[in-house]
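Novice: What follows is each chain in one-letter form.
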Amino acid sequence: MSLSHFSAAVLFALFASIVFGITQRNTSRDQIRYGLYCFAMFVGGVFVAGWAMWILRH
Amino acid sequence: MANSSVRKKEIAPGEMQVARQPVTAMSVLAPAIGWLIPGAGHLLQKRWIRGFLLMASIAIMFVLGLQMQGRVYKPNGGDILDILGFIGDIGAGSLYIVTRAMDWGQGAIAHATADYGTKFLIVAGLLNFISAADAYHIAIGKKP
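Residue numbers (numbering that gives the first Met the number 0), protein chains in the order written: chain Z, 0 to 57; chain U, 0 to 143.
Think of the hints as simulated: they come from the structure by calculation, not from any bench.
Idealized CB from N, CA, C, for every residue including glycine.
Just to be clear, a hint being listed does not mean it is correct.
Computed from the model, here is a short list of chain Z residues facing chain U with C-beta under 10 Å [stated by the list, open to error]:
hint : residue
1    : M0
2    : L2
3    : F14
4    : S16
5    : I17
6    : F19
7    : G20
8    : I21
9    : S27
The following residues of chain Z were derived to be distant from chain U, with all beta-carbon distances above 10 Å [as the list claims (entries may be wrong)]:
hint : residue
10   : A7
11   : L13
12   : G49
Let the sequences and hints guide you as you build the complete structure.
Specialist: Below, the structure written as structure tokens:
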């Protein structure tokens with residue numbers, strides 16, 4: 000199996016966020032909110048790091 | 000003053016107050032089974048949705064790591080990163096044991112995607128450690 004860097008990062012973010020959400024919060028509502036927050040942070044971090052590397056290269 | 004009459008328990012210097020949790024069968028079984036089979040610690044305590052979500056997430060992550068031809072670390076006493084890689088991998092419990100028994104996975108990284116796979120394998124194990132700790136917290140009543 001060959002995934003692109005981006006698709007691998009999104010899959011990583013998805014599964015890690017599910018586990019973080021379930022384990023780090025108590026109520027169902029908080030778990031969903033925290034899971035979504037982690038996912039957004041992971042994927043947002045990918046974009047920020049991508050642009051930072053692009054700026055460094057140019 | 001009225002407040003001055005309230006007696007407070009004094010703690011001697013160096014004395015630590017430790018809230019001891021009673022050791023129950025569930026508080027031992029849940030994390031142990033949860034480590035061996037990802038999500039099973041939650042299923043054992045009837046947290047069905049959480050258990051199946053954890054099981055699916057960790058198992059899929061581990062299988063994706065194998066499919067990407069990630070490196071499976073073996074017990075070693077060499078480089079510190081290899082030792083840490085092994086600790087991460089073994090967190091996946093039975094997934095790691097079956098992988099080693101069936102001789103799946105790669106011993107060395109051949110291309111860039113395989114490096115992602117190696118990270119998927121390690122992180123799946125580390126997430127399972129967190130999951131097992133969460134099962135323990137449920138068992139001792141610290142978490143609903």
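Novice: Confirm or reject each hint.
Specialist: Verification of the hints:
1. M0: The hint holds - Z/M0 has a Cβ within 10 Å of chain U, the shortest such distance being about 4 Å.
2. L2: Z/L2 check passes; min Cβ-Cβ to chain U is 6 Å, inside 10 Å.
3. F14: 4 Å, holds
4. S16: 9 Å, holds
5. I17: 5 Å, holds
6. F19: This interface hint holds because 8 Å falls under the 10 Å limit.
7. G20: 9 Å, holds
8. I21: Check passed: Cβ of Z/I21 comes within 5 Å of chain U, closer than 10 Å.
9. S27: Since chain U brings a Cβ to about 8 Å from Z/S27, closer than 10 Å, the hint holds.
10. A7: 5 Å, violated
11. L13: 8 Å, violated
12. G49: Z/G49 clear of chain U: closest Cβ-Cβ about 15 Å, beyond 10 Å.
Checked against the numbered hints above, the structure violates hints 10, 11; every other hint is satisfied.
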